[in-house]
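Construct all of the structure, not just a fragment, from the sequences and the given hints.
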Amino acid sequence: MADTTDKQARERIHRVFSGLIPHMDVLGMEAVEAMNGVAVIRLPWRAELVGNPETGVLHGGVVTTLIDTVSGLAALTGLRQPEPVATLDLRIDYLRPATPQADLFARAECYRLTSRIAFVRATAYQGDPDDLVASSVSTFMLTKKLGPQATVVPEDQAS
Amino acid sequence: MKLADIIAEAHRRHDFGGLVEAIPYARFLGITVAERDGDLIAQLAFDAKLIGNPMLPAIHGGVIGAFLETAAIMKLLWTRESVHVPKTITVTIDYLRSAGPYPTYARGIITKLGSRVANVRTEAWQADPTKPVAAANANFLVTPAEE
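Same order as they appear, the protein sequences are chains A and B.
Residues 101 to 259 (my numbering) are what the first sequence spells out, left to right.
Residues 899 to 1045 (my numbering) are what the second sequence spells out, left to right.
These aren't lab readings, by the way, just hints derived from the structure by calculation.
Cβ coordinates follow ideal geometry from the N, Cα and C atoms, glycine included.
Treat the hints with caution; some may be incorrect.
Away from chain B, derived, C-beta distances all over 10 Å, residues of chain A [unchecked claim]:
| id | residue |
| --- | --- |
| 1 | I113 |
| 2 | H123 |
| 3 | V138 |
| 4 | R191 |
| 5 | D230 |
| 6 | L232 |
These stretches of chain A come out as covered by chain B in the derived footprint (C-beta under 8 Å, 3 or more residues) [what the hints assert, rightly or not]:
| id | stretch |
| --- | --- |
| 7 | 144 to 156 |
| 8 | 160 to 171 |
| 9 | 177 to 188 |
Partner residues are not named here, just some residues of chain B that face chain A (Cβ under 8 Å, in silico) [unchecked claim]:
| id | residue |
| --- | --- |
| 10 | L948 |
| 11 | G963 |
| 12 | S980 |
Below, the structure written as structure tokens:
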């Protein structure tokens, strides 16, 4: 069944990447997609991650961590062999507060990969992928010089 | 107790420790603040749960970003009279060195304090303040003190 296959694939993706990035498990992040330079992570709302105890809105730093993680994940899935990548710079625009009690998603796309640098853009959203909580661009250093694989999202398809 | 009351109390007592305690995510990460040499210094205690790269090991870049942002907000709250928490508009973080399994410190410099927007630059370091591990430039929406 397709559902079972999807679930198994998601579990496998999660096992691989949460092992590479321990802080993912600490925050309860779940990698739902991570392939060919595109990654999606789900972060369930938790009281511990709140920035304002009166409103229950997630701390901006949680959004930062989610976006940094999903962007790094997108970069490393573009490589021939996944390896940890190091963030060089990360710019985030906070467009609206995340609605309390709701899951937060982030999607990142590595739209350019050179032998040493990955260029990534990312968005964070809740129910509707067009109703953005945050938007981001970032660059990552490749720690080994493995170089890009052939299947990274071509620039003309990245939007 | 309301956040505004906690901020007012922090100003009265010249102690912002209670305010950081009141922010769940700051408490979760292990952030504390202290006045030192007439400035506000934020500290992030090392904990294994903060690791992003187990091979080095290094603290997760997002955690460092969250720490810099928190340090900037705390600096604004400490400096301004307002009891309203500044809202982050944009943050740009430069990662300069990997942050190892040690305590990390951060200090913010308010480069512009307008009536609506404040710009804060923050640097984080570990053993040596002249060798920052990361730096951030952030813009915040601030509420005028009288509102």
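The hints, checked one at a time:
Once the 10 Å rule is applied to beta carbons, I113 of chain A is consistent with being away from chain B; the minimum gap is 18 Å. The Cβ of H123 of chain A sits about 4 Å from the closest Cβ of chain B, inside the 10 Å cut-off, so the non-interface label is violated. The beta carbon of V138 of chain A is kept farther than 10 Å from every beta carbon of chain B, the shortest such distance being approximately 19 Å. Non-interface status of R191 of chain A relative to chain B is broken: a Cβ of that chain comes within 10 Å, the nearest being about 4 Å off.
No Cβ of chain B approaches the Cβ of D230 of chain A within 10 Å, the least distance being about 20 Å, so the stated non-interface status holds. With a minimum CB-CB distance of about 14 Å to chain B, L232 of chain A clears the 10 Å threshold, and the non-interface call stands. Here the stretch 144 to 156 of chain A counts 8 residues with a CB under 8 Å from a CB of chain B, which clears the bar of 3, and the coverage holds. For the stretch 160 to 171 of chain A, the assignment as covered by chain B holds, since 9 residues bring a beta-carbon within under 8 Å of that chain's beta-carbons and 3 suffice.
Proximity of the stretch 177 to 188 of chain A to chain B, defined as three or more residues with a beta carbon under 8 Å from a beta carbon of that chain, is established by the 4 residues found. A distance limit of 8 Å between C-beta atoms decides the matter here; for L948 of chain B the minimum to chain A is near 6 Å, and the interface restraint holds. The beta carbon of G963 of chain B comes within 4 Å of a beta carbon in chain A, closer than 8 Å, and the hint placing it at the interface holds. For S980 of chain B, the interface hint is violated, the least distance from its beta-carbon to any beta-carbon of chain A being 15 Å, above 8 Å.
Checked against the numbered hints above, the structure violates hints 2, 4 and 12; every other hint is satisfied.
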